[in-house]
Amino acid sequence: MKKIILLIVLTVSLSFSAFAQKYGYIDSEYILGNIPEYKEAQKELDRLAANWQKDIEKKFASIDSMYKKYQVEAITLPDNLKQKREEAIINAEQEAKDLQKKRFGKDGDLFKKREELVKPIQDRVFNAIEAIAKDKGYAFVFDAAGSMTIVYADPKWDLNDEVMKRLGIVIKN
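Going by the working numbering, the residue at position 2 of the sequence shown is 2; the numbering climbs one at a time, nothing skipped.
Treat the hints as calculated values from the structure; they're not laboratory data.
Computed Cβ-Cβ distance ranges for the label pairs, DEER-style:
#1 Leu77 - Lys101: 28 to 36 Å
#2 Lys172 - Gly137: 28 to 36 Å
#3 Phe60 - Lys172: 42 to 50 Å
#4 Gly105 - Asn80: 29 to 37 Å
#5 Lys165 - Lys113: 27 to 35 Å
#6 Pro120 - Gly146: 16 to 24 Å
#7 Tyr70 - Glu40: 41 to 49 Å
#8 Gly137 - Gly33: 23 to 31 Å
#9 Tyr23 - Pro120: 22 to 30 Å
#10 Ala61 - Lys102: 13 to 21 Å
#11 Leu99 - Lys69: 18 to 26 Å
#12 Lys112 - Asp135: 32 to 40 Å
#13 Gly137 - Lys165: 14 to 22 Å
27 Å max Cα-Cα, derived BS3-like pairs, lysine-lysine:
#14 Lys97 - Lys68
#15 Lys59 - Lys69
#16 Lys172 - Lys119
#17 Lys68 - Lys58
#18 Lys59 - Lys101
#19 Lys58 - Lys84
#20 Lys106 - Lys43
#21 Lys22 - Lys136
#22 Lys68 - Lys82
#23 Lys113 - Lys39
Predicted model only: the values in this text are computed from it and were never measured.
Note that beta-carbon positions come from the ideal geometry of N, C-alpha and C, so glycine has one too.
All chains should be modelled from the sequences, with the hints used to inform the complete structure.
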């Protein structure tokens with residue numbers, strides 16, 4: 001809802017000054033997808049995530065095995081051993097959930113690694129876009145890959161190749 005209201009306000013305010021300002025657009029997916037360092041960073045993040053996911057799945061499989069074994073033996077176990085086994089299962093499950101949160105949570109290891117590997121690349125791209133916008137007098141530069149979609153865009157305002165050039169990346173067609 002906020003995006004719709006923002007879009008309406010932006011459209012209305014821009015309609016008053018549309019003749020005096022220039023607009024451009026980029027496709028951040030296209031740009032980032034053509035930066036070798038970004039591709040390598042994504043591969044590294046995917047590799048880490050897959051390894052961490054395997055570790056977590058192993059832990060949950062082990063817990064499942066513990067629980068099935070407990071169910072079979074529960075009938076013959078004395079109450080104090082039942083309670084110890086239940087606590088062990090609950091603790092193991094909590095440890096697995098904590099590890100999952102540590103790896104993939106909001107401020108988890110994957111988030112931190114993404115910040116370490118991807119943010120410097122994104123900053124370089126943003127700085128290139130900002131420099132082009134200032135040099136050419138663009139009032140706004142939209143990202144066609146983002147949530148604010150553009151139904152039509154005149155190719156003369158496409159800044160992708162210029163951003164790539166500014167970043168020193170040559171696209172082979």
